[in-house]
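Given these sequences and hints, build the entire structure.
Residues per chain are reported as follows:
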Amino acid sequence: MNGEHFSPRLAARRRNGTIFKWLCFGATIFAIVMLVILLVDVTSDGLRWLSIDFLTRYPSRIPARAGIKSAILGTLWMMGLTASISFPLGVGAAIYLEEYAPANWFSRLLQTNIANLAGVPSIVYGILGLTVFVRFFGFQRSVLAGAATLSLLVLPVVIIASQEAIRAVPRSLREGAYGLGATRWQMIRHQVLPVAMPGILTGTILSLSRAIGETAPLIMIGALTFIAFPPTSPMSPFTVLPIQIFNWASRPQADFHDLAAAAIVVLLVILLAMNATAILLRNRLRKQL
Amino acid sequence: MRGRIADSLVASDLTPHGKRRLVEGSINGVLFLCGLVSVLTTVGIVVVLITESAGFFREVSIVEFLTGTQWSPMYSDQQFGILPLLNGTLIIALGSSLIALPIGLGSAIYLSEYASEGVRKRVKPALEVLAGIPTVVYGYFALTLITPVIRTVFPGTGIFNAASGAIVVGIMIIPMVSSLSEDALSAVPRSLRAAAYGIGATKVEVVTRVVVPASLSGVAASFILAISRAIGETMAVTLAAGATPRMTLSFLESIQTMTAYIVQVSLGETPHGTLEYRTIFAVGLVLFVITLLMNLLSQQITRRFREQYE
Amino acid sequence: MSDHALETRDLSVFYGDTPAVKSITLTIPSRRVVAFIGPSGCGKSTFLRAFNRMNDLIPSARVTGEVLFRGLNLYDPTVDPVEVRRRIGMVFQKPNPFPKSIFDNVAFGLRINGFRGKLADKVEESLQQAALWDEVKDRLNDNALGLSGGQQQRLCIARALAVEPEIILMDEPASALDPIATGRIEDLIRVLRENYTIVIVTHNMQQAARVSDLTAFLYVGELIEYGETEQLFTNPREERTEQYITGRFG
Numbered sequence: 001m002n003g004e005h006f007s008p009r010l011a012a013r014r015r016n017g018t019i020f021k022w023l024c025f026g027a028t029i030f031a032i033v034m035l036v037i038l039l040v041d042v043t044s045d046g047l048r049w050l051s052i053d054f055l056t057r058y059p060s061r062i063p064a065r066a067g068i069k070s071a072i073l074g075t076l077w078m079m080g081l082t083a084s085i086s087f088p089l090g091v092g093a094a095i096y097l098e099e100y101a102p103a104n105w106f107s108r109l110l111q112t113n114i115a116n117l118a119g120v121p122s123i124v125y126g127i128l129g130l131t132v133f134v135r136f137f138g139f140q141r142s143v144l145a146g147a148a149t150l151s152l153l154v155l156p157v158v159i160i161a162s163q164e165a166i167r168a169v170p171r172s173l174r175e176g177a178y179g180l181g182a183t184r185w186q187m188i189r190h191q192v193l194p195v196a197m198p199g200i201l202t203g204t205i206l207s208l209s210r211a212i213g214e215t216a217p218l219i220m221i222g223a224l225t226f227i228a229f230p231p232t233s234p235m236s237p238f239t240v241l242p243i244q245i246f247n248w249a250s251r252p253q254a255d256f257h258d259l260a261a262a263a264i265v266v267l268l269v270i271l272l273a274m275n276a277t278a279i280l281l282r283n284r285l286r287k288q289l
Numbered sequence: 290m291r292g293r294i295a296d297s298l299v300a301s302d303l304t305p306h307g308k309r310r311l312v313e314g315s316i317n318g319v320l321f322l323c324g325l326v327s328v329l330t331t332v333g334i335v336v337v338l339i340t341e342s343a344g345f346f347r348e349v350s351i352v353e354f355l356t357g358t359q360w361s362p363m364y365s366d367q368q369f370g371i372l373p374l375l376n377g378t379l380i381i382a383l384g385s386s387l388i389a390l391p392i393g394l395g396s397a398i399y400l401s402e403y404a405s406e407g408v409r410k411r412v413k414p415a416l417e418v419l420a421g422i423p424t425v426v427y428g429y430f431a432l433t434l435i436t437p438v439i440r441t442v443f444p445g446t447g448i449f450n451a452a453s454g455a456i457v458v459g460i461m462i463i464p465m466v467s468s469l470s471e472d473a474l475s476a477v478p479r480s481l482r483a484a485a486y487g488i489g490a491t492k493v494e495v496v497t498r499v500v501v502p503a504s505l506s507g508v509a510a511s512f513i514l515a516i517s518r519a520i521g522e523t524m525a526v527t528l529a530a531g532a533t534p535r536m537t538l539s540f541l542e543s544i545q546t547m548t549a550y551i552v553q554v555s556l557g558e559t560p561h562g563t564l565e566y567r568t569i570f571a572v573g574l575v576l577f578v579i580t581l582l583m584n585l586l587s588q589q590i591t592r593r594f595r596e597q598y599e
Numbered sequence: 600m601s602d603h604a605l606e607t608r609d610l611s612v613f614y615g616d617t618p619a620v621k622s623i624t625l626t627i628p629s630r631r632v633v634a635f636i637g638p639s640g641c642g643k644s645t646f647l648r649a650f651n652r653m654n655d656l657i658p659s660a661r662v663t664g665e666v667l668f669r670g671l672n673l674y675d676p677t678v679d680p681v682e683v684r685r686r687i688g689m690v691f692q693k694p695n696p697f698p699k700s701i702f703d704n705v706a707f708g709l710r711i712n713g714f715r716g717k718l719a720d721k722v723e724e725s726l727q728q729a730a731l732w733d734e735v736k737d738r739l740n741d742n743a744l745g746l747s748g749g750q751q752q753r754l755c756i757a758r759a760l761a762v763e764p765e766i767i768l769m770d771e772p773a774s775a776l777d778p779i780a781t782g783r784i785e786d787l788i789r790v791l792r793e794n795y796t797i798v799i800v801t802h803n804m805q806q807a808a809r810v811s812d813l814t815a816f817l818y819v820g821e822l823i824e825y826g827e828t829e830q831l832f833t834n835p836r837e838e839r840t841e842q843y844i845t846g847r848f849g
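Heads up: the sequence lines are chains X, L and C, in that order. In terms of the working numbering, the first sequence opens at residue 1 and continues consecutively. In terms of the working numbering, the second sequence opens at residue 290 and continues consecutively. In terms of the working numbering, the third sequence opens at residue 600 and continues consecutively.
Just so you know, not all the hints are guaranteed correct.
[Said to hold, decoys possible] With a straight-line cut-off of 20 Å between C-alpha atoms, the simulated SDA-like cross-links for lysine to any residue are:
1) Lys21/X <-> Thr497/L
2) Lys287/X <-> Lys410/L
3) Lys693/C <-> Gly318/L
4) Lys699/C <-> Ser475/L
5) Lys699/C <-> Lys413/L
6) Lys410/L <-> Val33/X
7) Lys492/L <-> Arg686/C
8) Lys717/C <-> Ile279/X
9) Lys413/L <-> Ile205/X
10) Lys308/L <-> Gly318/L
11) Lys736/C <-> Arg783/C
12) Lys308/L <-> Thr183/X
13) Lys492/L <-> Trp22/X
14) Lys492/L <-> Asp679/C
15) Lys69/X <-> Ile270/X
16) Lys410/L <-> Val36/X
17) Lys492/L <-> Asp737/C
18) Lys621/C <-> Asn672/C
19) Lys717/C <-> Asp737/C
20) Lys413/L <-> Val33/X
21) Lys693/C <-> Gly640/C
22) Lys21/X <-> Lys413/L
23) Lys410/L <-> Ile279/X
No lab work stands behind these hints, which were simulated from the structure alone. As the structure is a computational prediction, the values presented were derived from the model and not from experiment.
Okay, here's the thing in structure tokens:
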């Protein structure tokens, strides 16, 4: 009847559909396959160097005697300091933006600015840290300078994640507190923050797991690549795992490459632990609600 | 404090008294300062880059800097043309886009339109893991696995080559493209899909002729953000792509990106305050401006896209 | 058989285990307007969507029974729903033009179905049939989203008409429109009836009375009464029908 005007070619169209679907599936699988290859490659290269000695020795020019003790301690110091700086600043800014800031152009500017900062290349933060913290404030090439720089780097992430967590707190909770005569800060401290805290912590942990892998800004700060002692104070010179990895990977000898792989495995394990904690926290949060 | 209820109420009974007001006010102030840190960061970046670059441009003309095709600040024949570094950065950006954009979009389409809930639940965390791997690890991967493979397929490729860096940077930004594009695809209302099905369209036609075109600006914004990230990438290209600034279109040669150059100078012995040292800031400024413009563009596109569906 | 456009036999639709449509048997005659009325949630939209297999798109939906179109059961495993939907068109409650030009909206169905004539002529013909041509003929390349609600809905009708369906299903086509636009849609339905079979779901009883030849009253998934519109509204056979049309519930 009306079929004469159309040639629907259903079989061909369906076939194209199947091809397309498999192409998209292939794209999805590609990324996963790459991930697996990467992990297998790193683990197989580095496995023979992984040992307790490796974790407890300092770097050395002789591969057989090299270890990452200074790098791990430096990383721990760095994470601790970065967290101590970025957490209060980030959460404070998030509380301000969500609870106190008037809805004017300045607040909007603040918000846009934070979004932009999240996209600035990390090496630019390194340039900033070098000029402001190392030279201007005179922190020299210390853990403190590194932590301050990394704090600025992760601050936008902490702020945005904390804002989302605070925004998710239901209105009814706030209105209930106000209704009883609480001041704004009382309401925030006793009602909003406890409920938002798991989300805030999750965001903070995730931002720290980003910071832990950062290399470029710390190179600019002057984190050294051959350190044979642990940091003793925030003003100590230091090195971190990623920099040790970079240093070993840059060398031509294959042994150092494998040492780099071993250090990568340690770094990835630490990252895995951090992310697992963050996910556990998120799930606990979901159960609560 | 006020234990008894007054017989009559005056306005001052209801205004916050001294101590409370002080506490509230100071908290407001402290929190405001926290927010100000981000402003100070931006101001700091801009001021540092511009003032130090100003010192640089007092000795090197901007025109020479932006149009010169030789970059050799450390050699006796000093040349300050940034184009080779830009070339290197753009080659990496181009190569990584060729990988990440189609694959990222393809996987976004699959996850958003075809995949079951179970598949989605397993694939998305895996992509997040990919995104969380530190860039120095990608650099190692490029150097020790990708480069040997490339050299087997294309004998004559240098130990340091742009292709290796571009490939791993591409892999690195796939999750970003995938996740943001997926958001854009999901935002397309069901009613549009229903309309297309209602006319007798097959699934692939609904996806490719209605859903993807409708989400194009969101997808484009994700592309721009990912490219911006590739431009700012440092460690992978430093380890794998080389330290040879040159004008080339070949992926098989060693090049140098803007970011790798900055790292190179930092690792070296260049004394602070010299012209050579100030190149860091001039190059950093160019890098900052490029990524800033791209991020702003992406935000603009996203805003216009959101207006369309809200 | 050729007098019947569509016939359902014991048609049931389940969402998971919940029945939304319970074993309905009725016949839609050709070139008539049939209205489905009933309180919200009674299954009339689900029933309508069973005719062009749109329920297939909902994963939890399950259909039993038969829908016969020209003697063929549309739910036969060999039937391709894509082909069904070209021949049985649909207009939705909220106008949903594609974010493309007016021309491309109408041409979309033609292109994917391999139309063998001149695209521009067919687009014009469809827009004429939908009583929209005069308003848009000078701006066919403008984005369809710039049209008013009523115009968008007529565009959606033109889009459906372009692929030459025999039956047009309309799911509350005017409920999102203002009274004037609604009137134009209703006029259009009366004109279209000469060439197409139209099944319309509406929650507006006056609209059903104005526009349809036959009316079916559904309640909680069941067919309560089905007959000539005038008779159903002035002298219903079933008590529940009378209660509904006099506003006792729903």
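Inset, instruction - Mind listing which of the numbered hints don't hold for this structure, in increasing order? - result: Hints 3, 5, 8, 17 are the ones this structure does not satisfy, whereas the remaining hints hold.
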